[in-house]
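Asker: Spelled out from the first residue to the last, the chains are:
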Amino acid sequence: MTTTDPITAITAPDPGTAPISVRREALYFAVRNGKLLVGVTIVTIFLLIGIIGPFLVDRPPMEYVGLPMLPPSTEYWLGTTTFGQDVLAQFVYGVRSTFEVGLLAGGLSALIGMVIGFVAGYRGGLVDEVLNMITNVVLVIPTLAVLLIINAYLGIRSVGMQALFIGLTSWPWVARAIRAQTFSLRSRDFVDLARLSGVGTSRIILREIAPNMSSYLFMTFILLFGSSILIASSLDFIGLGPTDGVSLGLMLNHSNQWSALHLGLWWWFIPPGAAITAIVGALYVANVGLDEVFNPKLREL
Amino acid sequence: MRQYFGRKLLIYGLTFFVAVTVNWMIPRFMPGDPVASMVARARVSDPAAVAAMQQYYSNLFGFDSPLISQYFNFWGALFSGNFGISIWAYPLPVADVILDAVPYTLGLMIPSILLSWFVGNWAGALAARRKLLDNTVLPIGYVLTAMPYMWIAILLCWGFGVVFQVLPVAGGYSFAMQPNLSWEFVGSLLQHWLLPFTSLFLVALGGWAIGMRNMIIYELEADYSNYLAALGAPHRLIRRYAFRNAVLPQITGLALQLGVLVAGALVTEIVFSYPGLGSLILKAIQNQDFFLLQGTFLFIVLGVLIANFVIDIVYVIVDPRTRAGMTGATT
Numbered sequence: 001m002t003t004t005d006p007i008t009a010i011t012a013p014d015p016g017t018a019p020i021s022v023r024r025e026a027l028y029f030a031v032r033n034g035k036l037l038v039g040v041t042i043v044t045i046f047l048l049i050g051i052i053g054p055f056l057v058d059r060p061p062m063e064y065v066g067l068p069m070l071p072p073s074t075e076y077w078l079g080t081t082t083f084g085q086d087v088l089a090q091f092v093y094g095v096r097s098t099f100e101v102g103l104l105a106g107g108l109s110a111l112i113g114m115v116i117g118f119v120a121g122y123r124g125g126l127v128d129e130v131l132n133m134i135t136n137v138v139l140v141i142p143t144l145a146v147l148l149i150i151n152a153y154l155g156i157r158s159v160g161m162q163a164l165f166i167g168l169t170s171w172p173w174v175a176r177a178i179r180a181q182t183f184s185l186r187s188r189d190f191v192d193l194a195r196l197s198g199v200g201t202s203r204i205i206l207r208e209i210a211p212n213m214s215s216y217l218f219m220t221f222i223l224l225f226g227s228s229i230l231i232a233s234s235l236d237f238i239g240l241g242p243t244d245g246v247s248l249g250l251m252l253n254h255s256n257q258w259s260a261l262h263l264g265l266w267w268w269f270i271p272p273g274a275a276i277t278a279i280v281g282a283l284y285v286a287n288v289g290l291d292e293v294f295n296p297k298l299r300e301l
Numbered sequence: 302m303r304q305y306f307g308r309k310l311l312i313y314g315l316t317f318f319v320a321v322t323v324n325w326m327i328p329r330f331m332p333g334d335p336v337a338s339m340v341a342r343a344r345v346s347d348p349a350a351v352a353a354m355q356q357y358y359s360n361l362f363g364f365d366s367p368l369i370s371q372y373f374n375f376w377g378a379l380f381s382g383n384f385g386i387s388i389w390a391y392p393l394p395v396a397d398v399i400l401d402a403v404p405y406t407l408g409l410m411i412p413s414i415l416l417s418w419f420v421g422n423w424a425g426a427l428a429a430r431r432k433l434l435d436n437t438v439l440p441i442g443y444v445l446t447a448m449p450y451m452w453i454a455i456l457l458c459w460g461f462g463v464v465f466q467v468l469p470v471a472g473g474y475s476f477a478m479q480p481n482l483s484w485e486f487v488g489s490l491l492q493h494w495l496l497p498f499t500s501l502f503l504v505a506l507g508g509w510a511i512g513m514r515n516m517i518i519y520e521l522e523a524d525y526s527n528y529l530a531a532l533g534a535p536h537r538l539i540r541r542y543a544f545r546n547a548v549l550p551q552i553t554g555l556a557l558q559l560g561v562l563v564a565g566a567l568v569t570e571i572v573f574s575y576p577g578l579g580s581l582i583l584k585a586i587q588n589q590d591f592f593l594l595q596g597t598f599l600f601i602v603l604g605v606l607i608a609n610f611v612i613d614i615v616y617v618i619v620d621p622r623t624r625a626g627m628t629g630a631t632t
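So the sequence lines, in the order shown, correspond to chains A and B. Residue 13 in our numbering is what sits at position 13 of the first sequence, and the numbering runs on without skipping anything. For our numbering, count along the second sequence from 1 and bump the result up by 301.
Hints were generated in silico from the structure; no laboratory data involved. Treat the hints with care, as some may be off.
Examples of chain A residues toward chain B, derived with CB under 10 Å [said to hold, decoys possible]:
{"id": "1", "residue": "Leu48"}
{"id": "2", "residue": "Leu248"}
{"id": "3", "residue": "Ser255"}
{"id": "4", "residue": "Ile279"}
Covered stretches of chain B (chain A as the covering partner; in silico rule of three or more C-beta atoms under 8 Å from a C-beta of chain A) [to be verified]:
{"id": "5", "segment": "313-321"}
{"id": "6", "segment": "435-447"}
Computed far set for chain B versus chain A, every beta-carbon distance over 12 Å [unchecked claim]:
{"id": "7", "residue": "Asn360"}
{"id": "8", "residue": "Ser370"}
{"id": "9", "residue": "Leu379"}
{"id": "10", "residue": "Ala390"}
{"id": "11", "residue": "Ile411"}
{"id": "12", "residue": "Met451"}
{"id": "13", "residue": "Val463"}
{"id": "14", "residue": "Pro480"}
{"id": "15", "residue": "Gln492"}
{"id": "16", "residue": "Ala531"}
{"id": "17", "residue": "Gly533"}
{"id": "18", "residue": "Pro576"}
{"id": "19", "residue": "Ile586"}
{"id": "20", "residue": "Phe600"}
{"id": "21", "residue": "Ile618"}
The beta carbon of each residue, even a glycine, is placed where N, CA and C say it ideally should be.
In isolation and in its complexed conformation, chain A is listed as follows (with noise of 0.2 Å):
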């Protein structure tokens, strides 16, 4: 914290350019702090395997390949399943199903949360009586046990319907957050304005208490990223993942299932949750880092 700029930007307030300058400075300690560096680092490497890894591996991964059992080499990265699979290339398929279903189900939930805490926050009266008891009723139960209900119906599981499930069982906490953060907005000065003027309720939860928050709204996201994969990993352990393709979840079930612990195949359990462990990880303490950039309280200093 050498600089001028950030307190110029705070000192300065020009109604004019202020968001320009806000930007800016979230910016400013964002390319300063350690914490975020380190999470986005970690996440954009396996983002990258997730995407580029499928072009780069050419053997199919659940096809047979080649000698059961082989220990990590040159030939295979990480050698082979006991079927002869190669888990390479399992592992950079699975981890682009990994951050598809962390992907839709965390924003599928975080929008539901949204919709329902910004209604219920805002309304309040009755409406946010009935919300907040439905919230309350999908907060208790418990999500994975409704989860292996649905799934073991499902004839066919693929990546899209195991994640719209996870959306619309893990929303309620957001809800919650987000109703209170509505309610402490909308009777501040600039929201009756806007009423006064004959603003829209949608126009205005979008215009004008929406922004007020979208450092949480995004923390949230964040959150419910890391927490959709965890939950879809305990999915396909327990033998309920996606029928048509990989996940790392699947790696971890067969390699239980076909008893690779007791045959020491090491290399077959470890790189998955391994790679599970990174990336919710590093979405966890990225999410730490983007709090301290925009909460200067937390600031260390």
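Mind docking chain B on chain A? Use the hints.
Answerer: Chain B alone, transformed into the frame defined by chain A:
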């Protein structure tokens, strides 16, 4: 306080109602035909036998009566403790199969949840605003909390069970034994319990430590802490006050985390082939035993609701504001 509990009970009652309804609806309204898939799985080629089986399963589900009466029959059966017959453990009733497994799951979950909660909170409170500790507790906490439950279970199982061969890796007790009340058997139980317990304990630990650390930092910046500090109160006293305030959201957090913790216990059991509900679910899925799966679902929901209620009671005991009828717990 009566209002507080009344509201809670209303929510839990409603939740149970929704859970049962979902449980009833899914087999009936999901795409696909569970009866057809069950018959197909039995691999019977004789058309007469297929028709007979179809008739049998339809009767079992009660598919031939009108929807409304199917729904009420479902509730009726539920209250008389009839969850149907397990297909995997035929001809045992589902309720019996589940009741056999529940003690193992509870024996695993209750100690690991409570212990990780206490140790995690203690570690987090200790680490807050102490540079050196913070720099170790925080990264470890993040790694632990980001780990999938089954992966840490697999690692422990592989490390201690396969590489070092010091602890058993499968089952609830030694395969050579019959359940009985002897020290030997209890010892075997404990031996088999240790690894699944440790893996559940470790994953949950990280989350509590991080949560507590953040709450303490927040509390230490509150006005009352600054005021105490300005008065010259000793650090220990301020931290103790901060801890008392910070622990309340952690209790609520415990209620919110229950679903995740149950999920963790289920997959951990699967890794260790521990004879609890998790292994039961795996068997049910592998054998398409939908009665068993649905029965387990209801048991889990019921267990989570009861645990929620216990936490509510604890909250009332710990936080005097809820007793005085003021706002307190919001869950």
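Asker: What hint numbers does the structure not satisfy?
Answerer: Of the numbered hints given earlier, those the structure breaks are 1, 12, 13, 19, 20, listed in rising order.
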